[in-house]
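Using the sequences and the hints, build the whole thing.
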Amino acid sequence: MTTAAQPNEISEKTDLLLHMYRRMVAIRQFEAQVNELYTRALMPGLAHLYIGEEAVAVGVCEALEQTDYITSTHRGHGHCLAKGASPDHMFAELLGKKAGYCKGKGGSMHIADPATGNLGANAIVCGSAGIATGAAFSARSLQNGRVAVCFFGEGALGQGVLYEVMNLAQLFKLPVIYVCENNLYSEYTHYSETTAGDILARATAFGLEAASVDGQDVRAVYAVAQRLVDRARRGDGPGFLVCNTYRYHGHHVGDINREYYRPKQEEQIWKTERDPIANFGKWLAEQKLADAASLDRVHSDLEAEMKKAVDFAVATPYPAVDEVGEDVYA
Amino acid sequence: MTTAAQPNEISEKTDLLLHMYRRMVAIRQFEAQVNELYTRALMPGLAHLYIGEEAVAVGVCEALEQTDYITSTHRGHGHCLAKGASPDHMFAELLGKKAGYCKGKGGSMHIADPATGNLGANAIVCGSAGIATGAAFSARSLQNGRVAVCFFGEGALGQGVLYEVMNLAQLFKLPVIYVCENNLYSEYTHYSETTAGDILARATAFGLEAASVDGQDVRAVYAVAQRLVDRARRGDGPGFLVCNTYRYHGHHVGDINREYYRPKQEEQIWKTERDPIANFGKWLAEQKLADAASLDRVHSDLEAEMKKAVDFAVATPYPAVDEVGEDVYA
Amino acid sequence: MPDTTRAPADREITFAQAIREALAEEMRRDSTVFILGEDVAEAGTPFKVLAGLLEEFGKERVLDTPISEAGFTGLAVGAAMTGMRPVVDIMFGDFVTLTMDQMVNQAAKVHYMSGGKWRVPMVMRTTMGATRRSAAQHSQSLHAWFCHVPGLKVVLPSTPYDAKGLLKAAIRDENPVVFFEDKMMYKLKGPVPAEDYTVPLGVADVKRVGEDITLIATSSMVQVALGAAALLEEIGISAEVVDPRTMWPLDEKTLIDSAKKTSRVIVLDEGYERYGVTAELASVVATGAFYDLDAPVKRMGAMHVPIPFSPPLEDATVPTEQTVFEAARTMCGK
Amino acid sequence: MPDTTRAPADREITFAQAIREALAEEMRRDSTVFILGEDVAEAGTPFKVLAGLLEEFGKERVLDTPISEAGFTGLAVGAAMTGMRPVVDIMFGDFVTLTMDQMVNQAAKVHYMSGGKWRVPMVMRTTMGATRRSAAQHSQSLHAWFCHVPGLKVVLPSTPYDAKGLLKAAIRDENPVVFFEDKMMYKLKGPVPAEDYTVPLGVADVKRVGEDITLIATSSMVQVALGAAALLEEIGISAEVVDPRTMWPLDEKTLIDSAKKTSRVIVLDEGYERYGVTAELASVVATGAFYDLDAPVKRMGAMHVPIPFSPPLEDATVPTEQTVFEAARTMCGK
Ligand SMILES: Cc1ncc(C[n+]2csc(CCOP(=O)(O)OP(=O)(O)O)c2C)c(N)n1
Ligand SMILES: Cc1ncc(C[n+]2csc(CCOP(=O)(O)OP(=O)(O)O)c2C)c(N)n1
Ligand SMILES: [Mg+2]
Ligand SMILES: [Mg+2]
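Those protein sequence lines, which keep their order, are chains A, B, C and D.
Going by our numbering, the first residue of the first sequence is number 1, and it counts up by one from there.
Going by our numbering, the first residue of the second sequence is number 1, and it counts up by one from there.
Going by our numbering, the first residue of the third sequence is number 1, and it counts up by one from there.
Going by our numbering, the first residue of the fourth sequence is number 1, and it counts up by one from there.
There could be a bad hint or two in this list.
Computed cross-link-like contacts, PhoX-like style, restricted to lysine-lysine with a CA-CA straight-line distance of at most 25 Å [as the list claims (entries may be wrong)]:
hint	chain 1	residue 1	chain 2	residue 2
1	C	K260	C	K298
2	D	K298	C	K261
3	D	K298	C	K260
4	D	K117	B	K98
5	D	K261	C	K298
6	B	K264	C	K48
7	C	K48	C	K59
8	D	K260	C	K298
9	D	K59	B	K173
10	B	K264	B	K13
11	B	K264	C	K59
12	D	K48	A	K264
Hints are computed from structural coordinates only; laboratory data are not their basis.
Written as structure tokens, this is what we have:
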């Protein structure tokens with residue numbers, strides 16, 4: 001997270017660019033470990049991997065302050081990391097351990113962290129649209145200058161509450177950005193089968209400032225996110241951002257045989273031609289902002305860091321059974 | 001209800017035009033009696049009068065067959081009459097009598113009548129959007145050529161389920177027309193305070209064929225309704241029609257002092273300059289399709305008819321108390 | 001005479017005024033309290049309960065919303081998590097159907113799912129109660145649903161005094177609270193002190209002391225029970241009327257103690273009798289006072305039918321002073 | 001051995017297969033039956049319960065929807081009123097929150113409000129049950145809400161045999177029926193005849209005959225009760241297991257008769273214990289068998305907490321064979 005960069009200075013901001021690269025790799029390495037934990041049968045339940053979509057979370061969250069809010073989804077690890085959470089407590093949460101962000105009570109789909117403004121992942125599709133809008137409402141009321149970002153998959157476009165809160169946000173001129181991660185599928189169904197009309201028009205119809213962007217290009221995401229965030233922070237009202245992206249893995253870690261709903265070839269093309277990390281790395285090298293060796297080191301460093309975080313999580317204890325009754329009421 | 005008229009023959013169809021005039025007057029006279037019943041403390045509960053909006057229900061329903069479906073709202077008497085229900089059983093229902101359309105169990109806000117394709121009024125704002133869409137679904141599945149019309153006030157634009165079903169209707173190419181009666185107010189609030197962006201765009205964003213029309217001009221409403229109905233019946237998908245109109249009375253019969261939310265002058269302008277019946281009558285006379293005397297007779301005839309219907313309803317008995325437990329399950 | 005107040009008070013106000021005062025006082029005390037709902041501002045709700053609040057607090061704190069119950073309830077959840085104290089107005093209790101995801105999957109669970117890190121101090125005020133000739137979609141009393149959901153608190157005041165004190169406590173509470181007001185009670189008058197006070201959530205109130213039979217009643221049914229108790233007194237039966245006031249947290253002890261004392265219990269609630277509040281309260285009492293009861297606990301709630309419009313039918317769906325009187329007399333063998 | 005079938009059958013299939021067969025048979029029999037829901041077609045639901053139906057019936061009768069639970073449930077209501085028999089699939093029972101208006105204010109009331117003129121023959125199939133490590137928003141058992149609503153029927157099958165027969169009966173029923181399947185039972189095998197049969201709604205089933213104590217149990221808790229009964233047998237306690245099968249209509253007589261016979265009752269249900277199904281069933285039994293009970297009816301349901309993710313915590317929230325065994329043993333004084 002940074003506040004220094006102005007839109008027109010991006011290309012000069014080497015630090016920021018390298019930081020974004022690191023964050024994207026961190027997400028990918030984190031998720032690789034999650035998959036590993038699942039395969040090794042160490043993780044209870046399931047998890048939805050963010051691999052392939054890293055540029056979205058990172059590009060958007062870099063446009064935010066630490067005190068700004070985000071709400072996240074069932075596919076939330078990327079948002080959580082991009083907003084600054086630490087992997088060890090995240091892994092601990094995924095394993096249901098006491099040291100997890102939610103004392104093990106939330107799990108993968110409910111990680112929340114007030115310190116980084118993360119209002120929580122949500123296992124109800126579109127479940128956090130109201131919450132994000134409300135956070136923006138309080139920002140406006142308390143005049144603390146904060147902005148709220150609501151991440152959601154394109155599947156959430158099916159839920160009526162999204163339109164209810166966009167209407168409210170526009171009427172109240174709330175500083176909230178609805179970020180639609182269009183990864184083409186909701187579970188096992190292509191979005192074209194569930195989404196009539198035009199996505200951007202669904203937001204502009206309510207008066208929101210809307211834009212779409214290549215979600216595999218972190219610089220592009222960052223730039224447009226920053227524009228919408230600045231606008232919202234100024235009091236000019238809510239924004240809507242469609243990021244076109246792709247998930248490399250299945251809907252969740254257990255979704256292995258996917259050919260019945262999406263062709264292998266499609267996956268292959270996205271992975272080889274449009275990988276947000278590889279392409280960004282190539283660009284950084286071309287621009288002479290980093291050399292291949294240093295970029296490789298980012299991967300190996302973060303892999304090591306994630307493994308250490310996993311080890312911590314595996315070793316740390318479960319909550320005591322009698323904690324089950326705590327935290328129901330504040 | 002009629003099927004004979006083609007859009008370009010409308011002006012020649014004197015019968016149809018006079019029929020529409022009659023229907024509009026019927027609605028107005030019906031509602032006048034409802035107000036009277038309330039004032040005389042003969043009616044249990046409240047009712048929401050349709051006076052001022054007659055051209056909408058009549059224009060739309062004349063574009064339908066008897067077997068086509070409608071769903072209606074809390075302000076539903078006009079739809080009900082326009083689709084062909086008879087006033088005596090309607091009044092009986094409003095008084096909670098056994099001879100009412102729903103044996104007195106529904107009341108003003110729930111009149112339903114399978115014989116005229118009326119799936120029911122609904123006291124949940126936007127509550128019937130799903131039902132109308134489902135009726136269109138069954139029409140498509142059973143290939144019976146029917147069309148469904150969903151009437152709703154502009155207040156229902158706030159409800160997310162409307163967008164859910166518009167999306168479904170467009171995906172499934174269902175023969176349903178969503179008719180938004182924009183009478184400027186939802187209860188005591190002007191629609192501009194609750195409606196961001198652009199109403200028509202909210203429908204076109206989902207791919208629906210959308211139009212808006214002067215809801216005080218029954219010929220215009222009829223023409224555009226017919227276009228959307230024909231289209232839907234042909235299998236070309238759902239339509240959306242905004243009818244700009246005005247309610248002369250309060251939100252309900254008990255809403256007498258209205259100045260705090262809308263100026264008397266505004267009411268006056270609509271009543272004097274834009275009355276759908278007066279203006280239509282003037283046009284009919286200008287076109288020499290009817291003379292003043294015959295038009296006056298329509299009013300007096302229908303007033304007499306409505307009074308008779310009221311007398312019937314007042315005289316007919318309540319259901320026996322033990323009927324309370326019937327009709328819970330089919 | 002029934003003891004309907006916990007403190008001496010030299011003035012009487014209506015139930016609606018009590019609600020309004022509670023809101024106004026809390027809004028003065030705490031600038032983060034605000035009101036959100038349909039036609040709450042200029043109109044002050046169709047029941048006029050909020051009349052005057054807009055004038056005092058302005059439209060930044062008394063906000064008219066579109067007809068979007070799910071949307072603005074969700075907004076309230078997020079606002080509550082981030083420093084505000086929303087009071088959401090759901091005009092008719094029947095419309096809570098539209099808010100269930102926000103209340104149950106979000107508001108109720110946020111604190112627990114986050115391991116205690118986020119809090120949702122919000123109040124949803126809504127209405128309940130039939131016999132207004134409003135038919136099936138405007139007459140339900142659906143509070144039992146919320147009582148079933150861990151993470152929520154549920155309040156059903158029965159007097160102006162309780163309404164004011166409980167609402168103030170609800171607004172100050174750190175948890176989501178659902179507050180049900182019976183539409184038919186808005187004009188009910190009762191003594192309410194002018195001084196600041198709260199009624200704690202989770203403490204039942206014996207509204208009338210008696211010896212022969214216990215009438216456990218909620219919301220407007222407390223008034224019905226008090227009326228029935230007066231009738232019973234005429235035939236020599238002394239009825240105790242106990243009002244749990246909050247369904248959750250539930251003060252079981254007060255209920256059970258009364259049952260043990262009188263040995264006979266009728267539970268009254270205006271929600272549907274089946275799978276509703278009467279079932280829980282009856283079960284709690286049947287268990288807690290098992291060895292003291294002379295007869296099965298009797299339950300009286302709404303009939304298992306959608307509320308009909310027709311007046312004679314509607315009147316038959318809910319317990320009345322007369323039907324409660326008859327049931328109690330039978331139970332007491334008189 | 002527990003008697004888990006009502007008819008001799010020479011084959012065993014899983015609970016999931018039983019559901020699938022019921023749907024396929026009814027769809028063959030009646031061309032107006034269709035399926036609507038998220039990922040029901042190619043994917044056959046995430047639980048694969050509907051696998052193969054698309055192939056046989058085509059995409060006009062097995063329809064994938066957007067993620068719009070309210071919208072497509074509403075669509076089903078209208079389709080049911082006008083000649084179709086929709087079977088709506090709500091993937092996780094937690095998402096019924098989004099359908100409450102359509103089910104409660106529309107589906108349940110249409111018949112009554114129209115004075116019996118319109119009917120809504122639809123089925124909503126959904127899931128329930130915890131211990132899948134799915135956390136608070138994917139583990140609830142919210143059937144009590146629907147039981148509370150007149151106009152709806154509510155079914156909770158506990159065996160493959162019942163699942164098939166009850167689902168067929170539900171599809172043929174003229175009313176809206178909510179059908180709850182415990183996710184943990186989909187792989188449970190049991191005898192199911194190949195011939196056409198239905199199990200009528202409103203008839204309880206004694207799954208195991210016993211003398212000393214009655215375990216009234218629903219859905220997967222029937223399996224837990226049967227397991228506990230086997231453990232109890234080892235210490236000389238003979239437990240009867242009674243499964244109401246449908247919560248509404250409710251076969252009170254079978255429950256009460258068993259209670260009268262054994263004099264001791266535990267009620268088991270995986271919904272939240274508070275203000276839930278256990279309260280109603282316990283209250284029915286406590287009233288109906290008042291003079292025969294040796295001890296208060298004991299209720300065992302889910303703990304009053306949002307379901308936690310952490311395995312040791314989650315496991316503590318629901319009744320198990322062991323906890324039921326202990327409770328029964330204590331009740332029987334052994
Ligand atoms: C209200 C609700 N309905 C259905 C589901 C089941 N479900 C979980 S994820 C998912 C697909 C979501 O797709 P999308 O929003 O595009 O997000 P993605 O998984 O692609 O990131 C569905 C249907 C749910 N969790 N919540
Ligand atoms: C879900 C729901 N919320 C609120 C209400 C209360 N209510 C009844 S009518 C109405 C206003 C409706 O306005 P509109 O849709 O414009 O119809 P109009 O009355 O103008 O014809 C409201 C808020 C309701 N009946 N249902
Ligand atoms: Mg997606
Ligand atoms: Mg209006």
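Verification of the hints:
Taken as a hint, the K260 (chain C) and K298 (chain C) pair is honoured in the structure, with Cα atoms around 15 Å apart against an allowance of 25 Å. Restraint check: the Cα-Cα separation between K298 (chain D) and K261 (chain C) comes to about 22 Å, which is no more than 25 Å; the hinted pair holds. At most 25 Å may separate the alpha-carbon atoms for a hinted pair to count; K298 (chain D) and K260 (chain C) meet this at roughly 19 Å. Between K117 (chain D) and K98 (chain B) the alpha-carbon distance is near 13 Å, which keeps this suggested pair within the 25 Å criterion.
Only pairs whose Cα atoms come within 25 Å are accepted, and K261 (chain D) paired with K298 (chain C) is accepted, the gap being roughly 22 Å. Between the alpha carbons of K264 (chain B) and K48 (chain C) the distance comes to roughly 22 Å, so the proposed pair stays at or under 25 Å and holds. With a C-alpha separation of about 17 Å, the suggested pairing of K48 (chain C) with K59 (chain C) holds against the 25 Å cut-off. As the CA atoms of K260 (chain D) and K298 (chain C) are separated by approximately 19 Å, the hinted pair is consistent with the 25 Å bound.
For a cut-off of 25 Å, the pair hint linking K59 (chain D) to K173 (chain B) stands: about 14 Å separates their Cα positions. Restraint check for K264 (chain B) and K13 (chain B): not satisfied, since their Cα atoms lie roughly 37 Å apart, outside the 25 Å limit. Restraint check for K264 (chain B) and K59 (chain C): the C-alpha separation of about 24 Å stays at or below 25 Å, so the hint holds. Pair hint K48 (chain D) plus K264 (chain A) holds up; C-alpha atoms about 22 Å apart against a cutoff of 25 Å.
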